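**Student:** These protein sequence lines map, in sequence, to chains W and D.
In this text, residue positions in the first sequence follow the UniProt record's numbering: the first is 1, and each later residue adds one.
In this text, residue positions in the second sequence follow the UniProt record's numbering: the first is 1, and each later residue adds one.
Calculated from the structure, these hints are not laboratory results.
Watch out, some of these pointers could steer you wrong.
Stated by the list, open to error - With a cut-off of at most 20 Å between alpha-carbon atoms, the simulated PhoX-like pairs for lysine-lysine come out as follows:
1) K181(W) to K208(W)
2) K196(W) to K19(D)
3) K181(W) to K262(W)
4) K262(D) to K269(W)
5) K262(W) to K269(D)
6) K208(W) to K236(W)
7) K196(D) to K57(W)
8) K262(W) to K236(D)
9) K196(D) to K19(W)
10) K272(W) to K205(D)
11) K254(W) to K196(D)
12) K269(W) to K57(D)
13) K254(D) to K269(W)
14) K96(D) to K269(W)
15) K269(D) to K96(W)
16) K205(D) to K254(D)
What the hints assert, rightly or not - Computed, partial: chain W to chain D, Cβ under 10 Å:
17) Q28
18) T29
19) F31
20) L228
Said to hold, decoys possible - The following residues of chain D were derived to be distant from chain W, with all beta-carbon distances above 12 Å:
21) E40
22) M51
23) N166
24) F249
25) K269
What you are looking at is a predicted structure, and each value in this text was computed from that prediction instead of being measured.
The beta carbon of each residue, even a glycine, is placed where N, CA and C say it ideally should be.
Number of protein chains: 2
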Amino acid sequence: MAGFWFTEKQTENFGITMKVNRTLHTEQTDFQLLEMAETEEWGNMLFLDGMVMTSQKDEFVYHEMVAHVPLFTHPNPENVLVVGGGDGGVIREIMKHPKVKKATLVDIDGKVIEYSKIYLPEIACELENPRVDVQVGDGFMHIAESENEYDVIMVDSTEPVGPAVNLFTKGFYAGISRALKEDGLFVAQSDNPWFKADLIRQVQKDVKEIFPITNMYLANIPTYPSGLWCFTIGSKKYDPLQVPDEQYFDIETKYYTKELHKAAFVLPKFVKDLAGE
Amino acid sequence: MAGFWFTEKQTENFGITMKVNRTLHTEQTDFQLLEMAETEEWGNMLFLDGMVMTSQKDEFVYHEMVAHVPLFTHPNPENVLVVGGGDGGVIREIMKHPKVKKATLVDIDGKVIEYSKIYLPEIACELENPRVDVQVGDGFMHIAESENEYDVIMVDSTEPVGPAVNLFTKGFYAGISRALKEDGLFVAQSDNPWFKADLIRQVQKDVKEIFPITNMYLANIPTYPSGLWCFTIGSKKYDPLQVPDEQYFDIETKYYTKELHKAAFVLPKFVKDLAGE
Chain W
1 MAGFWFTEKQ
11 TENFGITMKV
21 NRTLHTEQTD
31 FQLLEMAETE
41 EWGNMLFLDG
51 MVMTSQKDEF
61 VYHEMVAHVP
71 LFTHPNPENV
81 LVVGGGDGGV
91 IREIMKHPKV
101 KKATLVDIDG
111 KVIEYSKIYL
121 PEIACELENP
131 RVDVQVGDGF
141 MHIAESENEY
151 DVIMVDSTEP
161 VGPAVNLFTK
171 GFYAGISRAL
181 KEDGLFVAQS
191 DNPWFKADLI
201 RQVQKDVKEI
211 FPITNMYLAN
221 IPTYPSGLWC
231 FTIGSKKYDP
241 LQVPDEQYFD
251 IETKYYTKEL
261 HKAAFVLPKF
271 VKDLAGE
Chain D
1 MAGFWFTEKQ
11 TENFGITMKV
21 NRTLHTEQTD
31 FQLLEMAETE
41 EWGNMLFLDG
51 MVMTSQKDEF
61 VYHEMVAHVP
71 LFTHPNPENV
81 LVVGGGDGGV
91 IREIMKHPKV
101 KKATLVDIDG
111 KVIEYSKIYL
121 PEIACELENP
131 RVDVQVGDGF
141 MHIAESENEY
151 DVIMVDSTEP
161 VGPAVNLFTK
171 GFYAGISRAL
181 KEDGLFVAQS
191 DNPWFKADLI
201 RQVQKDVKEI
211 FPITNMYLAN
221 IPTYPSGLWC
231 FTIGSKKYDP
241 LQVPDEQYFD
251 IETKYYTKEL
261 HKAAFVLPKF
271 VKDLAGE
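Make the full structure from the sequences, and use the hints.
**Tutor:** What follows is the structure, encoded as structure tokens:
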């Protein structure tokens with residue numbers, strides 16, 4: 001179809017609406033409804049089960065903030081795992097870190113990878129990098145089968161509905177802990193504090209019971225519900241707020257900066273209360 | 001009307017949409033279309049010329065961040081002026097500062113004040129405070145007629161269309177400078193960096209030519225365009241980033257904290273570039 005307005009209901013009673021020039025691809029995959037569309041405001045966009053996953057115009061915020069906060073926190077992130085993230089945006093940011101020798105991406109839905117390469121080429125651009133191992137498979141199972149293997153794990157999942165529902169359980173965080181090396185750390189997207197307060201409370205509680213260092217940081221993503229997105233970090237050793245100055249180096253970014261790395265952890269009062277800080 | 005969805009087009013091609021239980025009041029005032037509505041997600045809301053001004057659920061972010069950042073920056077903010085802000089939210093926050101002896105509110109549209117008292121009572125609740133002087137009048141003229149009078153001026157305007165268009169001009173900032181005492185400072189809402197980059201660049205440039213200390217800070221307001229809102233500070237003497245620790249005191253807030261006061265000035269890279277920092 002062409003020339004219509006698409007509305008994502010972010011809650012039962014509120015949503016965003018945008019002009020779509022044309023749909024580029026629509027397919028019910030084995031896991032979810034995959035839609036690619038060209039929008040007037042945000043460029044090409046990927047939707048899964050009717051929810052905005054990424055857009056060409058604002059994708060940099062999410063991808064930079066998922067990748068660089070944990071990677072600058074770890075002094076030597078050689079082996080990195082991305083669960084989900086088939087569009088390749090997190091991988092693209094990881095590849096800016098020369099210390100990373102190998103980044104494994106495990107997405108359950110090969111179609112996301114396939115169509116991101118076609119319609120979101122500047123996001124998927126590093127998926128063919130020789131340092132990247134792209135696997136189509138179940139991230140939950142991959143984690144369960146890994147032990148003492150990864151320095152950093154990034155969970156770039158959809159909301160906790162559909163194929164991602166297992167990725168918001170305490171068992172999953174325990175599996176992540178086993179899959180990480182003894183000084184490893186992980187980050188997971190944790191939805192937004194305006195509409196998903198209960199989820200954030202639960203994730204923070206669960207992660208705190210497993211990881212000695214737990215923290216939450218925020219970023220502004222205009223096409224995501226409420227425009228304010230949460231990321232949860234669980235770390236065995238390294239504190240994201242105690243990164244030695246010499247560990248930073250210059251990278252090309254549009255959102256992340258060394259100063260923002262710290263400031264993103266300073267939460268508004270009502271979010272701090274949710275996080276139990 | 002009752003039981004419909006209202007859509008605010010934040011740009012030509014993007015907007016937010018929300019379920020309205022019923023409209024509470026609709027009136028073309030002498031200055032703008034004033035609408036009050038009861039929404040399912042955000043509680044009662046005020047719209048001017050079809051744009052969201054405030055909602056019961058998220059109003060605290062804007063009002064706290066407009067008021068507390070400048071008030072904690074000034075060591076002795078005795079005399080404060082609010083231009084616009086007829087809903088009373090900024091006044092409510094100002095009244096949490098015992099050093100403020102008098103707060104003058106000048107809104108061009110008395111109807112905003114009148115209907116906010118009826119439908120947004122927890123926002124308008126301090127408009128009758130004896131320390132508050134509410135005036136219905138032209139804020140631009142009030143500023144032009146004031147000299148060396150105010151410690152802090154807060155510009156709580158609508159977008160630069162309709163009655164607020166004068167409030168985004170260099171002449172207005174020069175007037176503010178004259179209306180302030182020799183150690184005064186002001187803050188103005190400055191829209192959002194995703195859709196109004198040119199406006200932000202211009203405001204920053206204009207304010208920098210008049211005030212020795214100029215800075216920008218951010219807050220997440222989910223019902224405002226892009227969810228990321230900018231505030232510009234111009235100050236003659238006091239630096240909002242160099243507030244002495246003893247100048248802070250505890251106040252009841254839901255968004256602002258002493259730590260966030262500083263962190264809100266740490267801008268994402270693309271916003272920093274806009275601000276010319």
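**Student:** Each of the hints needs a verdict: does it hold here or not?
**Tutor:** Hints versus structure:
1. K181(W) to K208(W): Holds. K181(W) to K208(W) sits at ~18 Å (cutoff 20 Å).
2. K196(W) to K19(D): Holds: K196(W) and K19(D) sit about 19 Å apart, inside 20 Å.
3. K181(W) to K262(W): violated, 24 Å
4. K262(D) to K269(W): holds, 14 Å
5. K262(W) to K269(D): holds, 14 Å
6. K208(W) to K236(W): holds, 11 Å
7. K196(D) to K57(W): Within the cut-off at roughly 14 Å; holds.
8. K262(W) to K236(D): violated, 29 Å
9. K196(D) to K19(W): Distance of about 19 Å is within 20 Å: holds.
10. K272(W) to K205(D): With a Cα-Cα distance of about 35 Å, the restraint between K272(W) and K205(D) is violated, given a limit of 20 Å.
11. K254(W) to K196(D): holds, 17 Å
12. K269(W) to K57(D): holds, 15 Å
13. K254(D) to K269(W): It holds: about 5 Å lies between the C-alpha atoms, which stays within 20 Å.
14. K96(D) to K269(W): Answer holds: K96(D) to K269(W) is near 17 Å, not above 20 Å.
15. K269(D) to K96(W): Given pair K269(D), K96(W) holds - Cα atoms ~17 Å apart, limit 20 Å.
16. K205(D) to K254(D): violated, 32 Å
17. Q28: violated, 26 Å
18. T29: This hint is violated: T29(W) lies away from chain D, its Cβ roughly 27 Å from the closest one there, beyond 10 Å.
19. F31: Nearest chain D Cβ about 28 Å off; hint violated.
20. L228: holds, 4 Å
21. E40: violated, 4 Å
22. M51: holds, 15 Å
23. N166: holds, 29 Å
24. F249: Holds: least Cβ distance 15 Å, greater than 12 Å.
25. K269: Violated, since 5 Å does not exceed 12 Å.
Checked against the numbered hints above, the structure breaks hints 3, 8, 10, 16, 17, 18, 19, 21 and 25 and satisfies the rest.
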